[in-house]
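A.B. asks: Protein chains in written order, with the working numbering: chain A, 7 to 321; chain B, 764 to 1081; chain C, 393 to 1013.
There's no promise every hint is true.
Derived contacts from chain C toward chain A, CB cut-off under 7 Å, selection only [stated by the list, open to error]:
1. 573
2. 629
3. 781
4. 782
5. 814
6. 995
7. 996
These stretches of chain A come out as covered by chain C in the derived footprint (C-beta under 8 Å, 3 or more residues) [unchecked claim]:
8. 74-87
9. 301-311
Anything over 12 Å on all C-beta distances counts as not near chain B; from chain C, calculated [to be verified]:
10. 432
11. 502
12. 643
13. 699
14. 799
15. 821
16. 822
17. 833
18. 930
19. 935
20. 964
21. 981
Please keep in mind that the hints were generated in silico from the structure rather than gathered at the bench. Computed from a prediction, not measured in an experiment: that's the story for all the values here. Virtual Cβ for every residue (Gly too), placed ideally from N, Cα, C.
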Amino acid sequence: MGSYILKRLISAIPVLFGITIIVFLIMSLIPGDPATAILGSYATPENVEKLNRDLGLDKPMAQRYLIWLGNMLTGDFGRSFSLNRPVLDEIIERFNATLILAGTSFVLCSILGILAGVISAARQYGLADKAITFVVLFGISVPSFFLGMMMILAFAVNLRWLPVSGMYAIYGGGDLPDLINHLIMPALALAAVATGVIARLSRSAMLEVLRQDYIRTARAKGVPERRVIMGHALRVAMVSIIPVLGIQAGFVLSGAVYIEIVFQWPGVGRMLVDAILKRDLLLVQGGVVFVAACYVLFNIAVDVAQSLLDPRIKT
Amino acid sequence: MPALKVDSLAKTFTLRKPFFGAARPGVRAIRPMSFQVEPGETLGVVGESGCGKSTLARMLVGLLEPSGGKIEIEGKALDAADPAEFGKLIQYVFQDPNSSLNPRKTIRQVMEAPLKQLHKMPKPDRNRRISEIFASVNLRDEFLDRYPHEFSGGQAQRIGIARALAANPQIIILDEPVSALDVSVQAQVLNLLADLKAEFGLTYLFITHDLAVVEAVSDRIIVLYFGAVVEIGKAEYIFANPRHPYTKLLADSAPVVGRPLKAPEQKGAELPDPLNPPQGCAFAGRCPRATDLCRVREPELKPMGEDQLAACHHPLEG
Amino acid sequence: MSSFFRLLFRNHLAAIGAVVIAAILLLVLITPLLPLHDPDVTATADRFKRPFSDGHLLGTDHLGRDLLSRLLYGTRLSLAVGVVAALIAASIGSAIGIIAGYFGGHVDNIIMRGVDMLMAFPYILLALAIVAALGPGLLNALIAVAAVNIPFFARNIRGITVGLASREFIDAARLAGMGHTRIILTELLPNVLPVIIIAMSTTVGWMILETAGLSFLGLGSQPPQADLGSMLGEARSAMISHPTTSIVPGIMIFLIVMSINLLGDGVRDALDPRLRSGALSRPRATTLVDRQGDISAPTDDLLAIQDLHTQFHVGRRIYRAVGGVSLAVKPGECLGVIGESGSGKSVTALSAMGLVASPPGVITGGAVRFKGEDLIGAPYETLRQKRGDRVAYIFQDPLSTLHPLYRIGQQLAEAIQSHHQISRAEAHSRAIQLLQDVRIPNAESRVGNYPHEMSGGMRQRVGIAMALANEPDVIIADEPTTALDVTVQAQILSLLDDLRRDRGLAIIFITHDFGVVAQLCDRIAVMYAGRIVEEGPTRAVLDAPAHPYTGRLIACVPELGGGRRALAAIPGLPPAVDDLPVGCAFAPRCDKAQDKCRTGEVALQGAASHAVRCHFPEEAV
């Protein structure tokens, strides 16, 4: 097991390099003088000159990439001009908030989605299946940002059950109940789409598995039906569900950008959008690399979970 | 001159180098083997799963590049594995008739491809030729504009045979051509193959795992085990008078009406691990006659009796 | 094509989706012709007019612009951008996928590494990075959305292509002299195209959503031009005071995406042949029973199948897989059931314990009696308690019939624990004992193996051990050696023979191989087109077959030691069981058939020991 984790960690190194190369290549698409473009309207001649020196913008591309990579590896992501603080400090602070939101949503959508899918498959064409299919269809069709807005209108403005936005109350907040209070709506809005996708996939994975010969074998052995579904079938279905959970984690992280805007959640997504609009490109660059790297590590955890479940994966 | 001559033909599948450690030696799917097929002959190739019979077949038609050795057809050596080059001389009939027909092409399109691509035949000639071939495999012309899913297994296999004939080859490789068919249809196809051979003067290489079928259709039979030839002999003798213990095991294992049920003598039923092949004879682990010599030195194919060769240090008495 | 649309619209939800999206498309196509206000002209005096106010059907927005006009023009823009992005992503991604999948090897490796890198990003990060570099704007948003979806198509289409490229018809095309380009264009593409269409129809809604999302963030369409996303984005600040301006574009996005999703699901179902036959239905725990007619009285047999009828209902077609089969075994007896594929032999076997997949299977008549007790239509729990305990099964392919993720010891223990309360340790040692009984060497270490770690012969021994777990009275073996090599088959057969003699087991052995039944079985029943045509003691039937079919079937199977010869083939094909001829099903292929054979039922006649269903039997019985 340990050697498998090590192997996956080592195999992540080229992927992490690939990520930096892709981000670097995209950033080199910036038209015109890169230094001025990166610094945008906040540029002063000194800043432009410093950036040129830091990034070696007069040097060939390969060399520029290595300089940038070297800086990042030593923890120097550059300085945000719009915020006037080191990029990395800002990202870590913001990422913390995103993690709370996206993490809660991910747990919610995984549990609800798999549960809905299994019930739906076990009761195929029954009332529960139809109801779940309908809700799922709604979930995957409604834009999460619109859903968020409607939830604010309904539960915060009209019913006044929950706070409109933010992460903590401005006066007297800051404790866990306060956080949960603020978290409920954005987490649910964010989980809606992924729940739908996971439920659909779990349903079809279960239906696929239930047709297999070994399910017939289990029934021929006299295994009780509940155990056939929740044991034999779900276990194999999880083999195809788990990778999708990994992919959906990426979608949850992506959706967090919209939700953070709608609910004014102080996360990394909102930071990125603000940075793009202010042309604070160093902040964008750093944020993208940082979040993508975290996502790669998360996917390793998914692979390890997968290998624990499926002995056919060589460990 | 033999119709097909194979000289030290071998195939080793290389394995990807593991992340840690040295490169592995690769899987020897076909150990160097030599044999020839005379014009008009049917050579049966028989062996169980994992013996390399499909790998051999794919090399013979150029679908797979050999890692060593030579293939000669009518004295002409074929070097590069190019199916278009091989196609005019040697054709292939696949095991699964439905998988070998493109589901989205009509039978006419399937039949036209070899005539157009290999023989550059103009349209009117093509139509005439297709009708001729279809008549010889007992299929009606009206089938030509249908799609593969409309046919039964037996009909689809006739179409597969017709396609092979369209290339006008001298030799046809038949890779388990009746295994996917029901027994009542199997006999129809086997008889058709015999008729076609007489009509067109074809040479067959007939690959199968079914001893009774191979005995019924072949002149000579090659027995493969673990990628190597263990015995070659005349069809009427080889299973009645096997020299190699593996051939005997095969013959004794085949269920025959009237023979009492008794598992033939053998020590296990496991094939050696292809990633870690044993030294010496690959069959030694299952062989009741194996000695220390067998576990050290690989036996060579030696003549034993009339028209029979076996690769064994301790052959059975003829 | 017309069958495609028929299938599509049979799905009501897909039809609804198609109607809604068609209506929206029509509306936006004629939008320039409609008498609408200019969508971009501001009139601050008229801001936030309520819906249904003068001249503004849906009211106005925060700059006094007509909401209806902006909605229609915005929908136009959103749809156009989403569809174009989907087309770009699909064509580039599919091309990459086909090339990687067809050529394989290094080409595949390099391309797929690149694709994996792109997929390592949560998609929005990539889109944001692209928009950040190129600057906000609708065109750049389109590029970003298309670019992040290319890997999805590439990976999806590659998977399909790899499967197709290893199919034999590609080899056949190469042997027909076709080059790579021609093979890709004429052999592969027609087969991949439905998958591309499915992938597009299921993602275009998503891409519309994504472009709307970027516009919502202010990174897509720039003022004054508006798509649905930027309308929603601009309205957000006034959401609490004037919710209409937000709700209108939001609902429009929802309608578009939902109708496309519904339609996409319909397209997928109509194009995917696996779904077409209703194959994705979940088989129930027991076969459906819809029994008509009377059932026979109990007999003193151990297991008796009496006049069993099992059908498959697929769409409007009814396949009469089993049309009145009676079989019985006494303790210690081995009965062989022999027939070609489609003869109904396996369905008969599975019907006994209600294991025929349902839907589409339905048992429509007859009885299955275990020690006199009728099991057809018995409550699930009654049936479950018999399954594996009194009547056990051995199936054909031991790789697909053993659970891939449980150790074989667990699977054996579970078979016992489903019927008996025993401790885990006891079950474990019992599992080892069972493995020893089926002569698996090193049973103590093998018990911890997974099925994929064993050879085919060893797996089938596990299958047999599992059937023996509760010391059943009857074992039903459904072609247990067909998937095995001949040397392994011999061992498994002799093992089964020893076990049944030692334990006095009754066996029903399903096979298509006369050699096997001859060696193993006391009696045999020959099936053709869902009925038994001949039944009797093995020797009697094989030596002097009474039914013409039995005789000719034996004659057309080559037997080892027979030498080189022409085989006596049976002309024609077995009948399709959804279209059985009147009278004897074998009559169209039989050279003795007369008019009498083609009218009316032919009864099974003769003594209880040897019976035949024929007017003109070869031998008197």
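A.B. asks: Determine for every hint whether it applies to the structure shown.
C.D. replies: We went through each hint and held it up to the structure:
1. 573: 30 Å, violated
2. 629: Not OK, violated: residue 629/C not within 7 Å of chain A, min 11 Å.
3. 781: Check passed: Cβ of residue 781/C comes within 6 Å of chain A, closer than 7 Å.
4. 782: 9 Å, violated
5. 814: 15 Å, violated
6. 995: 33 Å, violated
7. 996: For residue 996/C, the interface hint is violated, since the closest Cβ of chain A sits about 29 Å away, which is over 7 Å.
8. 74-87: Per the Cβ count (0), the hint is violated.
9. 301-311: holds (count 3)
10. 432: 49 Å, holds
11. 502: 14 Å, holds
12. 643: 41 Å, holds
13. 699: Given a closest Cβ separation of 26 Å, the condition holds.
14. 799: Correct as stated: the minimum Cβ-Cβ distance to chain B is 20 Å, above 12 Å.
15. 821: 25 Å, holds
16. 822: 25 Å, holds
17. 833: Since the minimum Cβ distance to chain B is about 8 Å, residue 833/C lies within 12 Å and the statement is violated.
18. 930: Incorrect as stated: the minimum Cβ-Cβ distance to chain B is 9 Å, not above 12 Å.
19. 935: For residue 935/C, whose nearest Cβ neighbour in chain B is about 9 Å away, the distance does not exceed 12 Å, so it is violated.
20. 964: Given that some Cβ of chain B is not farther than 12 Å from that of residue 964/C, nearest at about 9 Å, it is violated.
21. 981: 8 Å, violated
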